[in-house]
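Number of protein chains: 2
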Amino acid sequence: MTASNPTPTAPAWIESPPPKGSFRSIFKWGDPRIFKHPSQGFFEIIKERLHLHTNHFNTPEQTGYAMVPDNIKPGLSRELIHQFSSISGAENIAVDTYSRLNYSSGKSMEDIFHLREGHVNEICDLVIHPRDKNEVAQILHLCHEKKIPIHVHGGGSSVTSGLQCPNGGITLVMGTHMNRMISFNETDQTITVEPGMAGPVYEGLLNNAPEKLGAQKRYTGGHFPQSFEYSSVGGWVVTLGSGQASSYYGDAADLVISQEYVTPKGTFKTHAYPSTATGPRVDDIMIGSEGCFGILVGVTFKVFEYSPNTTRTFAFMLPDFESAARAARQISQGRFGMPSILRISDPEETEVALKMYRLDRGLLARILNFKGMQAGNMCLCMGQTEGASAFSKQVCAQVKRICKHNGGMNLTGIPMKKWFHSRFMDPYMRDALNDYGILIDTLETAVTWDRFLDVYHNTRDFIKQHEHVICMTHASHFYAQGTNLYFIIIMPMTNIHEFKRFQTGIIQRIEQNGGSLSHHHGVGRLFAPFMEQHIGQVQMAVLQALKTHFDPNGILNPGALGL
Amino acid sequence: MTASNPTPTAPAWIESPPPKGSFRSIFKWGDPRIFKHPSQGFFEIIKERLHLHTNHFNTPEQTGYAMVPDNIKPGLSRELIHQFSSISGAENIAVDTYSRLNYSSGKSMEDIFHLREGHVNEICDLVIHPRDKNEVAQILHLCHEKKIPIHVHGGGSSVTSGLQCPNGGITLVMGTHMNRMISFNETDQTITVEPGMAGPVYEGLLNNAPEKLGAQKRYTGGHFPQSFEYSSVGGWVVTLGSGQASSYYGDAADLVISQEYVTPKGTFKTHAYPSTATGPRVDDIMIGSEGCFGILVGVTFKVFEYSPNTTRTFAFMLPDFESAARAARQISQGRFGMPSILRISDPEETEVALKMYRLDRGLLARILNFKGMQAGNMCLCMGQTEGASAFSKQVCAQVKRICKHNGGMNLTGIPMKKWFHSRFMDPYMRDALNDYGILIDTLETAVTWDRFLDVYHNTRDFIKQHEHVICMTHASHFYAQGTNLYFIIIMPMTNIHEFKRFQTGIIQRIEQNGGSLSHHHGVGRLFAPFMEQHIGQVQMAVLQALKTHFDPNGILNPGALGL
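Top line first, the protein sequences correspond to chains U and W. Going from the first sequence to the working numbering is simple: count from 1 and add 83. Going from the second sequence to the working numbering is simple: count from 1 and add 83.
Just chain U, with the same shape it has in the complex:
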């Protein structure tokens, strides 16, 4: 099961597909045949910063190669299972332990710890692959009547333990059948799809609209979360996701025009107006409800004309994080339109990035040095502009002006090319590091500009109190009033309880300094215990009132959102 280690400097990263039926096949990210391990440069940093000897990487551990034993009986009567089966067909239900564990698992560090330990934790009793919204309504009706918990699996990429089933029950898998386009309206520039459609299928339809939809033009959805390849459009909406190009296209919530939900109180579809003044918008009440108020069965998104040829990229090195933050704020408040992608990295992430991209030596390094840029201070700011050609050109020119004004040195388009190449690949690297007992996890928060540096420094200081930890931080979703902060933590850690304590400390530090619990990962069960403290009792009671209205029997994704 363990791989041999041919040289002392390069570990034998596991690069074979996980066996079918194994725990590893559940937690491994993405395509079973695709792998990514740290580059030599990054690997050297990891060893140095985490004080690990090359010997540490001799033998992978907790690899999850064990098969999932089929030994947990579903906690539902045979008669009930038969009833569900008669709704969706016997071929669309599963009661074996593997299927139930598979669809009750996401990609939170806690999920992965459990799976690597071979621990079957809080799974559903029955997996159903519904064929259409009418089946969802029938299933929900039966669950409501019999008080059976019901959960939804979209792409399975939740990092907030959103897929756990603490009380068993049903998990609906939307990706199997409910992944179709419902309608496309080129005049309105909207598309209506079922929630289980995967990101690449969605974007592929739009990019190829003339061929696939008989459209006059090509379109893009503009939503590219890091989980793009393995997330579903429904998941984007119900967890309030954001894509890498959100600064221009908006967050998932901004992209939604209309939704259709099945709830215990009935089925409804909201109107598709771009704006309306008919009281509080039920659309907004449902967005972000994480399956706690109802089950999303259709969503209408805005789409945008696709013009990849107008894209312009930029990359600058700024003297320090303060300068980078100032430049990003001035860009976001500049009233000239937004770049689609904008990222500022803190000194530690910048240092790692230069080494990963092999830009830490040679001519560039000498010029940076000559310009007075110092490793440990200097910060990368990069991104791209798009839209109509003249618009993209104008925005790019303004961004460059502001970066220069803040002491930035132009790095050409190379860093963005490198970033693009690997922008959906980093989750694969987590598996490689985890195999050697090295945790890689992220925590992210929304901040106002005013609190940006305080949240950054105080959270980072807390993380760095731990011995031997890499903490890379960036901001990547920009607004005139603030941005997000995204902390990537890499450390040796093999104890889930110790990790949870550390994670709780970070969350509290973020929250105490004025950051939100989540900018775009959602709440799930990870942040649920912190919700009331964060938004306050009165606001929490509002969410609870909605929960009680929609779901008096408490069957909809119980425990998520703290409801």
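Note that these hints are calculated values from the structure, not bench results. For glycine and all other residues, C-beta sits at the position ideal for the given N, C-alpha and C. Do not take every clue at face value.
Stated by the list, open to error - Just a few of them, taken from the derived set where beta-carbon distance is under 7 Å, the chain W residues facing chain U:
(1) Pro293
(2) Gly297
(3) Val621
As the list claims (entries may be wrong) - In silico SDA-like cross-links for lysine to any residue, where the CA-CA straight-line distance does not exceed 25 Å:
(4) U:Lys348 <-> W:Pro612
(5) U:Lys352 <-> W:Asp337
(6) U:Lys483 <-> W:Gly417
(7) U:Lys156 <-> U:Ser105
(8) U:Lys352 <-> W:Asp537
(9) U:Lys352 <-> U:Val552
(10) W:Lys119 <-> W:Thr142
(11) W:Lys348 <-> U:Met623
(12) U:Lys130 <-> U:Arg543
(13) U:Lys295 <-> W:Thr142
(14) U:Lys300 <-> U:Phe267
(15) U:Lys487 <-> W:Phe387
(16) W:Lys348 <-> U:Gly637
(17) W:Lys348 <-> U:Pro612
Once you've looked at the hints, dock chain W against the given chain U.
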């Protein structure tokens, strides 16, 4: 009371301030000393289209010069009034009929009919001018305990009968004391104010931020509804208003970053993050709640750098409404940024505008004729761009390109200059026409592009079935997915019941063709009876559940929103 009529072609429009204490002083728009009557050109159109002889304008009627009799006793015990008085001070309460009628009246056609008839309709029992949010909490607590209805008066410009008090109770007047700035944050580009601040005070603070707030730069709020001069910032938020520059700045809902509410369930303030993924956003649940869920006591808005010198205006004549709509859609979907102001007028509004602006003769008329533009078909498209200088220039160039591409003829900046001159003045004209039994009212709706022409034609056809009616229509709030339609109706009408029947017919025609009940006027009591039909029973039950949670005793603005 009636004015003399010096010439047969010019009526003696009433141009003296209404007597203090009169019904007229309540319904007259705006500044008591400011008047506007139709221009000679417009007056001629009115007489011609409405088949009215000049004699019709001899004697104004139902002018509301009568004094409001102080003869309606408040339906609250002396003891209760004393309790309220001890909270806010005797000088901040009023029980006289005039005060109660004044603050229970808005600017809906129904309000005005009643006031012109000297009819005291559905007023509150007691007016209170609270001094701060703690007083609001105490007052609300007492109202909740004693089951006394409670309403809020912001600027008093509601056109949806949002201020009526069908069950009496309290009306809180926010404009008297609760009109202060709470804080200003230049780093975040946000300002926090009390809800009773009037539009011009708000904009004045921001435009003069260096002098008034010690800021480094000047700012704008970007929100300019037609009621700007006599509306309050709180009213903008709770009714989901839109300003004339919404296509760039966003609707009121888009401008709100945080809110503070006093409710029977407690007081809360939402976080000021520009975006967050912590479940359904309570901010969104409260926006548009029209005082039915709680009382807004503070609001944090986005502000924008103020740069009037970068403004560029444009005006084009397009061959027909289809071309104008196509041009506006292409602009809105162009991915080059939006003009702040964009307006397209239908042929009838275009014709009237040319006559009002005196552009219907002379050189321009001859050129239009030469270019094949025909009155009755041709449509005005005009607006302005702003923002950073290069951005504004680029957007303006793209708008001009698209207008030309759709057969448009450049009219120079003159029409926008004329429009700017009178953009807040038209409500004054309603009083002048009403004095002669001529109704002028508006109905507006949100539409998707796909339904734009159908809603327009079918609604207009219905209106035009009525004999002798001017119906001018425009769209003025643009989104990639649709816009609004704004119908201005001018007709002889002196019977409120007949008018209400006609109005109901129009609303139904709009709704049946796929338009919303309201794009930016809100719901109030005017659209309340149509809400359940419009959004459906299941969605209406969601709003009702929130109502029941916040306001179990049903005291908050009862009847508004249909709740």
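Right, here's what the structure says about each hint:
1. Taking 7 Å as the C-beta cut-off, the interface hint given for W:Pro293 is violated, the closest approach to chain U being about 17 Å.
2. Interface hint at W:Gly297: violated, since its Cβ lies 16 Å from the closest Cβ of chain U, which is beyond the 7 Å cut-off.
3. Taking 7 Å as the C-beta contact cut-off toward chain U, the hint placing W:Val621 at the interface holds, the least distance being around 4 Å.
4. Between the alpha carbons of U:Lys348 and W:Pro612 the distance comes to roughly 22 Å, so the proposed pair stays at or under 25 Å and holds.
5. Proximity of U:Lys352 to W:Asp337 is assessed by CA-CA distance (about 23 Å); at most 25 Å being required, the pair is judged to hold.
6. A C-alpha spacing of about 24 Å is found between U:Lys483 and W:Gly417, which places the hinted pair at or below 25 Å, so the restraint holds.
7. For the suggested pair U:Lys156 and U:Ser105, the alpha carbons sit about 18 Å apart, so the restraint of at most 25 Å is met.
8. As the CA atoms of U:Lys352 and W:Asp537 are separated by approximately 22 Å, the hinted pair is consistent with the 25 Å bound.
9. Only pairs whose Cα atoms come within 25 Å are accepted, and U:Lys352 paired with U:Val552 is rejected, the gap being roughly 48 Å.
10. Taken as a hint, the W:Lys119 and W:Thr142 pair is honoured in the structure, with Cα atoms around 18 Å apart against an allowance of 25 Å.
11. Between W:Lys348 and U:Met623 the alpha-carbon distance is near 11 Å, which keeps this suggested pair within the 25 Å criterion.
12. Between U:Lys130 and U:Arg543 the CA atoms are separated by roughly 20 Å; this keeps the pair inside 25 Å, and the hint holds.
13. A distance of roughly 68 Å separates the Cα atoms of U:Lys295 and W:Thr142; the hinted pair therefore is violated under the 25 Å criterion.
14. The hinted pair formed by U:Lys300 and U:Phe267 meets the criterion: a straight-line CA distance of about 12 Å does not exceed 25 Å.
15. Distance restraint check for U:Lys487 and W:Phe387: the Cα-Cα separation of roughly 23 Å lies within the 25 Å cut-off, and the hinted pair is therefore satisfied.
16. For the hint pairing W:Lys348 with U:Gly637, the CA-to-CA distance comes to about 22 Å; that is within 25 Å, so the pair holds.
17. With a C-alpha separation of about 22 Å, the suggested pairing of W:Lys348 with U:Pro612 holds against the 25 Å cut-off.
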